[in-house]
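Student: Take a look at the letters that make up each chain.
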Amino acid sequence: MDLNYTSDETRFRDEVRAWLAANLDADGETVSPDSEDMDQWMTYLKQWQRKLHEAGWSGISWPKEYGGRGATIIEELIFTEEMARAKVPNLMNISIGIELVGPAIMHHGTDEQKLRYLPKILSGEEIWSQGFSEPGAGSDLASLRTLAVEEQDHFVITGQKVWTSWAEYSEYCILLARTDPAAPKHKGISCFLVDMRSPGITIRPTRQITGEAEFSEVFFDGVRVPAESLLGGINQGWKVAMTILAHERGTSAIRYQIRFRSELDDLVKLAKSFIRKDDNAAADPLIRQKLAQSFIEVEILKYNIYRSVTQIMRSGKPGPESSIIKLFWSEMDRRQKELAMETLGPYSQLVQNSKWAVDHGRWAKAFLWSRAGTIYAGSSEIQRNIIAERVLGLPRSQEQK
Amino acid sequence: MEFGFTEEQEMIRSQAAEFLKNESSVTFVRELMSSEHGYSEEYWNKLVSLGWLGLIFPEQYGGAGLSFIELTVVLEAMGAALAPASFFSSILGGLVLLEAGDEEQKNRWLKPLVEGRNKATLALSGPGGGWQVADCSSVTAERSNGSYSLSGTRLFVPDAHHADLIICAVSTDTSSVRENNITLLVTARNSDGLNITPLRTMDQTRRLYDVTFEQVRVPATQVLGKPGKAWPIIRSVLAKATIGLCAEMVGGAQKVLDMCVDYSKQRIQFGRPIGSFQAIQHKCADMLLLIESARSATYAAAWTASQNRSDTELLASIAKAYTSDAYRYVVGEGIQIHGGMGFTWEHDMHLYFKRAKADEFNFGDSNYHRERIAQLIGL
Numbered sequence: 001m002d003l004n005y006t007s008d009e010t011r012f013r014d015e016v017r018a019w020l021a022a023n024l025d026a027d028g029e030t031v032s033p034d035s036e037d038m039d040q041w042m043t044y045l046k047q048w049q050r051k052l053h054e055a056g057w058s059g060i061s062w063p064k065e066y067g068g069r070g071a072t073i074i075e076e077l078i079f080t081e082e083m084a085r086a087k088v089p090n091l092m093n094i095s096i097g098i099e100l101v102g103p104a105i106m107h108h109g110t111d112e113q114k115l116r117y118l119p120k121i122l123s124g125e126e127i128w129s130q131g132f133s134e135p136g137a138g139s140d141l142a143s144l145r146t147l148a149v150e151e152q153d154h155f156v157i158t159g160q161k162v163w164t165s166w167a168e169y170s171e172y173c174i175l176l177a178r179t180d181p182a183a184p185k186h187k188g189i190s191c192f193l194v195d196m197r198s199p200g201i202t203i204r205p206t207r208q209i210t211g212e213a214e215f216s217e218v219f220f221d222g223v224r225v226p227a228e229s230l231l232g233g234i235n236q237g238w239k240v241a242m243t244i245l246a247h248e249r250g251t252s253a254i255r256y257q258i259r260f261r262s263e264l265d266d267l268v269k270l271a272k273s274f275i276r277k278d279d280n281a282a283a284d285p286l287i288r289q290k291l292a293q294s295f296i297e298v299e300i301l302k303y304n305i306y307r308s309v310t311q312i313m314r315s316g317k318p319g320p321e322s323s324i325i326k327l328f329w330s331e332m333d334r335r336q337k338e339l340a341m342e343t344l345g346p347y348s349q350l351v352q353n354s355k356w357a358v359d360h361g362r363w364a365k366a367f368l369w370s371r372a373g374t375i376y377a378g379s380s381e382i383q384r385n386i387i388a389e390r391v392l393g394l395p396r397s398q399e400q401k
Numbered sequence: 001m002e003f004g005f006t007e008e009q010e011m012i013r014s015q016a017a018e019f020l021k022n023e024s025s026v027t028f029v030r031e032l033m034s035s036e037h038g039y040s041e042e043y044w045n046k047l048v049s050l051g052w053l054g055l056i057f058p059e060q061y062g063g064a065g066l067s068f069i070e071l072t073v074v075l076e077a078m079g080a081a082l083a084p085a086s087f088f089s090s091i092l093g094g095l096v097l098l099e100a101g102d103e104e105q106k107n108r109w110l111k112p113l114v115e116g117r118n119k120a121t122l123a124l125s126g127p128g129g130g131w132q133v134a135d136c137s138s139v140t141a142e143r144s145n146g147s148y149s150l151s152g153t154r155l156f157v158p159d160a161h162h163a164d165l166i167i168c169a170v171s172t173d174t175s176s177v178r179e180n181n182i183t184l185l186v187t188a189r190n191s192d193g194l195n196i197t198p199l200r201t202m203d204q205t206r207r208l209y210d211v212t213f214e215q216v217r218v219p220a221t222q223v224l225g226k227p228g229k230a231w232p233i234i235r236s237v238l239a240k241a242t243i244g245l246c247a248e249m250v251g252g253a254q255k256v257l258d259m260c261v262d263y264s265k266q267r268i269q270f271g272r273p274i275g276s277f278q279a280i281q282h283k284c285a286d287m288l289l290l291i292e293s294a295r296s297a298t299y300a301a302a303w304t305a306s307q308n309r310s311d312t313e314l315l316a317s318i319a320k321a322y323t324s325d326a327y328r329y330v331v332g333e334g335i336q337i338h339g340g341m342g343f344t345w346e347h348d349m350h351l352y353f354k355r356a357k358a359d360e361f362n363f364g365d366s367n368y369h370r371e372r373i374a375q376l377i378g379l
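Going down the list, the protein sequences come from chains A and B.
Numbered per our numbering, the first sequence spans residues 1 to 401.
Numbered per our numbering, the second sequence spans residues 1 to 379.
Read the hints as simulated data drawn from the structure, not as lab findings.
Each residue gets a CB set at the ideal place from its N, CA and C atoms; glycine is no exception.
A portion of the hints provided could be inaccurate.
What the hints assert, rightly or not - DSSO-like, lysine-lysine: derived pairs with alpha carbons at most 27 Å apart: (1) B:K226 <-> A:K317; (2) B:K255 <-> A:K317; (3) A:K185 <-> A:K120; (4) A:K272 <-> A:K185; (5) B:K255 <-> B:K111; (6) A:K317 <-> A:K365.
What the hints assert, rightly or not - Heads up, incomplete: computed chain B residues facing chain A, CB under 8 Å, no partners named: (7) E2; (8) F5; (9) P198; (10) M259; (11) V261; (12) S264; (13) F277; (14) L288; (15) F343; (16) N367; (17) R370; (18) I373; (19) A374.
Full structure from sequences and hints, please.
Tutor: What follows is the structure, given as structure tokens:
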């Protein structure tokens, strides 16, 4: 058992750090994640991914034959840690391509599809969005109703997707649609690689409670897609979706851990300087207890991730400690941001640009955002169902239809 | 970086589980519960013959020289079995002897301890109810000629009745108790003036005692380390004790979850196993999250202890704060999930429920450790 890194691992980390130091802007700044100008933001992200790609840092865990480095899970962990520490903008938004679509195509795609799509995912030349959720199919994704009707050499897609990240900036969308309405629900779904410039697609941004519109509804109105856009064979879409979910190796969660630690450090600084009544907030015994508890949770998240990564490295399969990670971080985030609100008291409600706003209203924004984490990527309730049924082996609560 | 156990450590784990299954069954635990002092010489001898007392002590004293991680593995198994103590108490006594004693003292006391001929326990807490410098003041020591005279009370001392050695922290300056006037002394249980009274506690699987000193004479040769300089050693051993206790707690909590899962699969109500109701499912999922997280924290702390790192105290506090809360939640739901049966003496759940409560406060509760963390991180 060794929580220290080996000299090889340290050498790898130094390599990543050195490259970052040389390639981030001179003042270490990137376009602020709070930037109002989405176009500017997306241009920056694309440029950044191209830079990474040219230096060989894009898709490092992809097999070499597909343009990656074949990085080990520890290297992936280290790389992700360093990117997060440098506060590099979260490429997950445009790396639905690298972390989800790429592996799906590698596992289920034809040689032509691999050749056509994989290189441009790595270079960032083509941005991908994910067309899974629908108004009537969130937690119950398999009940999706977007239809794909086969006609000679193409399919016609009609339906609506929701919560599609960066839809208006994506060139392609990995889409789940129903190709056999008569079959049991999991068995009638197919996966398509849809060109978002196809006629019949309407994108309508969804404004979320933070005020921005990072997600969109996407309407498909008789959209024709060539038969070659089918990924993985007809009615095999659920298998593709499962590949995407199973590919989660736990390393991406370290981004959250590093961010939460950074946010906690900032919160501690705030508490020590923010005056409530006649002393700083950090002197309040209740605030102290909660700050310490947040520290505990942030550290334990790290250890949970390290255990999970070790288990996958050794056996290829996640252990029970992996199944709790998403539930753990999303709920601790909520608590941490509630604590920030508590620390600020009535000042917590002041948003950016308000007179008297503290820290540019960042905590109000983080507080609102923290309500999303327990819902996306499998809500807390679904996580608990999965843990209970698949990890603990408790009997199913629902009849399978 | 590899945050997992070695094959050898996993072997120790399964050996421990096997031994305890046979020698520390729940029937045996209950037998000891109703005995006068909860001690079995026969069980002790079997433990001794396994060599576990020497697990982490150097070979020159007859030990196996293994790391704190190996001890953690054994303690986790013991926590699951609610194994009779004396083991843990003696290990802690041994750690103090190892870190504070001189060669002569180590040969005199540590060697026989490793061989199982000397049992020890630490008497650190007092009427103040803590494990801090201030609590050491409840026993004062007056020096005269070549000995000390000890007076005062130590509370919540585990296994004092059958310990041969009671290792006590005392204050030699009653005018002001500070970190630099704490002294560690080894006293023999059968010393004149040393009175041991059993405390009647909810958890009868681990016996605690009031140890009162009435002008007990202790030769100065029985001071461990330098007079007045004991506090750093006590801190260091307390950190390890805390981590070891967390390992027991994780083991116990896991056992409780296993019981709940088994029960939920079998218990039928409204025509279906209660484990198919989401209320039960979600409780169990929350229990798993708490246990796995407590486990991660405990193993990380055990690793820092095995490396004698400077952050061991911080990790110990992280582990204890989290694990105390976790075990409390788990055993609470443990009773709840078992319904009326969970409230019977006959069912084993209350054994864990009561052990969890005792463990919660031993070596400092969550609030205490959170405040420690607050200080350590500069709040």
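Student: Now tell me if each hint is right for this structure.
Tutor: Here is how each hint holds up against the structure:
1. B:K226 <-> A:K317: Roughly 53 Å separates the two Cα atoms, so the pair is violated.
2. B:K255 <-> A:K317: holds, 24 Å
3. A:K185 <-> A:K120: Given that 27 Å is the threshold and the Cα spacing comes to 33 Å, the pair is violated.
4. A:K272 <-> A:K185: Between K272 of chain A and K185 of chain A the Cα gap is close to 55 Å, so the pair fails against 27 Å, i.e. violated.
5. B:K255 <-> B:K111: With Cα atoms ~34 Å apart, K255 of chain B and K111 of chain B exceed 27 Å; violated.
6. A:K317 <-> A:K365: This hinted pair is violated, its Cα atoms lying about 37 Å apart.
7. E2: Interface hint status for E2 of chain B: holds (5 Å vs cutoff 8 Å).
8. F5: holds, 6 Å
9. P198: violated, 35 Å
10. M259: violated, 12 Å
11. V261: Constraint on V261 of chain B satisfied, holds at 5 Å.
12. S264: Given a least distance of 6 Å, the restraint on S264 of chain B holds.
13. F277: Hint holds; F277 of chain B Cβ to chain A Cβ min 7 Å, cut 8 Å.
14. L288: holds, 6 Å
15. F343: The hint is violated - F343 of chain B has no Cβ within 8 Å of chain A, the shortest such distance being about 22 Å.
16. N367: holds, 6 Å
17. R370: holds, 4 Å
18. I373: holds, 4 Å
19. A374: holds, 5 Å
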